[in-house]
Amino acid sequence: MRLYAVVAAGGFRRYATYRTATVAGVFTNTVFGFIVAYTYIALWDERPQLGGYDTSQALTYVWLGQALLAAGARMGGGFESELVERIRTGDIAVDLYRPADLQLWWMAADLGRATFHLLGRGVAPMILGALAFDLALPGSFWTWPAFLLSVFLGIVVSFAVRYLVAMSAFWLLDGAGAMRMAMLAGLFFSGMLLPLNLFPGLLGEVARALPWSSLLQVPADVFLGKHAGWGLVEAYAFQAGWAVVLLGAGRLLQTGATRRVVVQGG
Amino acid sequence: MADTVAVRTEEEGRGLEPAGFAFEDRLRPLEGLRAYGLIMAMWVRSTMAYRASFAMTLFGDLAVTAFDFIAILLMFSHVDALGGYSLPEIALLYGLSATAFGVCDLLLGSMDRVGGRIRDGTLDTLLVRPVPVLAQVAADRFALRRLGRITQGLVVIGYAVATLDIAWTPLKMLMLPMTVLSGAAIFGAVFIAGAAFQFVAQDASEVQNSFTYGGTTLLQYPPTVFAKDLVRGVTFVVPLAFASWLPALYVLGREYPVDLPQWVAFLPPLVAAGCCGLAGLAWRAGLRSYRSTGS
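First to last, the sequence lines map onto chains A and B.
Going by the working numbering, the first sequence opens with residue 1, and the numbers climb by one from there.
Going by the working numbering, the second sequence opens with residue 267, and the numbers climb by one from there.
This is chain A alone, in the form it adopts within the complex:
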C-alpha cells in the first residue's frame, strides 16, 4: 500500500514540474470555456430551462467541463500512451517482473496525475469562469465533498477505460487508433460537447447509461444539486459499478495479454 502511495505522489510531482505547461493549459481551458459559454447562452436564450437547467446552471456546466477535462484525461495526455509504447517496444516485460501489480501501479500514478490536474488545471478556470459569468455555485457546504467524491469515482472510471485501451496494444501493437476512439467517446459521451440530458430519446438513454457519463455529467449534476438523498447514492453506485466492471475487465485482459507475452518468448 505504501508503495502505491509513493507512486501516486510521484505521479503528482511529475506533472507539477511543468509549470509553464500548466499555465498554458489553464489559458486554453479558459478560452474554450468562453467560446462554449457564449454558444450555451445563445442556446438557453432560445429555450430557457432546456434539459432542466437554467442559464446559470448551464454555464456552470460549461466551466465544470473545462475544469474536469484535464483531470479525467479526456483529451488523452494520461498514462496510456506511455504504457502503449512500453508494450510496443517490449519494455513491458521488465514491468511484469517487478514485485508490484501492473494495474495498481499505473492506477496510483494516474490518480496522482489527476489530483494535480484537478488542482492545477481545474481550480483556476473555474474561478475565472465564476468571475466572468453568473455561475450556480453550491448553496450547501456539503455539496463540495459530495462533488469531489463523484469526481474521484469518475477519474477511476476514466482510468479503467484507458487501461483497457492500453491493453489492446498487446494485440494491435500500435495503440494510436484505440486511444483516438477512446478520446472520441470520452468527449462525446461524457457530455463535453453538450450535456447528456439534452440528448434526445434512445440516444440520450444510452449515453447516460454508458461509463463516460461518470466523467462529467454525473459529477456536474452532483455539483448542481440535481442528485440528493437516495438519488445521490444511486449516482455513486452507478459510477462505482462501472469502475468495478471496467477494472475487472482490464484485469482479465491483462491476464490474457501476459500469457501472450510469455508465448512470444519475450
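Check each hint, because a few of them may be wrong.
Said to hold, decoys possible - DMTMM-like mimics (lysine to aspartate or glutamate), calculated; alpha carbons at most 20 Å apart, straight line:
id, chain 1, residue 1, chain 2, residue 2
1, B, 494, A, 134
2, B, 494, B, 525
3, B, 494, B, 521
4, A, 226, A, 54
5, A, 226, A, 134
6, B, 494, A, 45
Because the hints were derived from the structure by calculation, they are not lab data.
Given the coordinates of chain A, work out where chain B should sit on it, guided by the hints.
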C-alpha cells in the same frame, strides 16, 4: 549525385562561391517542397505498417469532427435558430471553418511538436540536414488520418449548399473555394507563429490550441452569438474572422456585427498572405534564437 560533386569542384576551382550555398539559395523553396514530399511519403508508409490502427484513427478523426456537428444538430433538435441563424446557415459556417482548418491541420498539424524537440534537443538533428527546417518540422509525423476532418467538412458544406435558400451567383460560388484556401493559409500562419513562440516558451505549446482548435470552434458558430469585444479581437488582432466569417456572411447576405464595409469580404487572400509573411518572419526570428539544450 556525382554530377553535383563535379560541378562543385569545377566552380570552386574557378574561385567562385562554394556551389553548396548558391544551390541552396536558388532552389530553397523547391527543395523544401520536395523534402516535405519525401518526409510525408515516409510517414505515410510507416503509418500503413499498422493498418488496423490506421483505419481506426481515420475513422476516429472523421468521427471526432462529425460529433462536433452532431452536437450542433442536437442543439437544433431543441431550437430553430441559434443567434438568429438557421441550421443550413450555421452548416455553411461550420463546413468552411472545418475544411479550412482540416487542410491546414493535414499539412502542418505536427507543428506543436517543436516545443518538445526544443526541450529534448532533437531539433539539432533537423538543423544539420540540408533541408529547410520549416519543411522538416511541418512534415514531421505527417498524419494521413487528418483527411477525415476535411472529408467531414466538405460533406457539411455540401449539405449547406444543397439546403440554403440563396440566389447563387458565380461570384458567390467562387467565394467558397477562396474562403477555404485563404482560411487554411490563415490557420497555417497561426500554426507557424505558434511554433515560433515555442522557441521562447517551450512548454507552452498548448496555448496554440486556443487559437487553432479554439479558433475553428469559434468560427463554427455565428458571430452574433459572441460578445462584441471577442468578435473585434478575432477580426483585428488575430484575423481569424477572415478565415470564414467575413466571406461566408457575404455569401449568406448577412451583416457582420462589427461595422465594416462590404468589400472586406474579398480580402481573405490578402490577409492570408500578410499573415503568412509575418508568421515566416516570426519563425525565422525564433529559429535564430535557438540555442540547443544546455548541459
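Now the hints, each set against the structure:
1. 494/B - 134/A: The given pair, whose Cα atoms are some 19 Å apart, holds under the 20 Å limit.
2. 494/B - 525/B: Judged against 20 Å, a Cα distance of about 11 Å means the pair holds.
3. 494/B - 521/B: Status holds; Cα separation ~13 Å.
4. 226/A - 54/A: holds (12 Å)
5. 226/A - 134/A: holds (18 Å)
6. 494/B - 45/A: The given pair, whose Cα atoms are some 17 Å apart, holds under the 20 Å limit.
Checked against the numbered hints given earlier, this structure breaks none of them.
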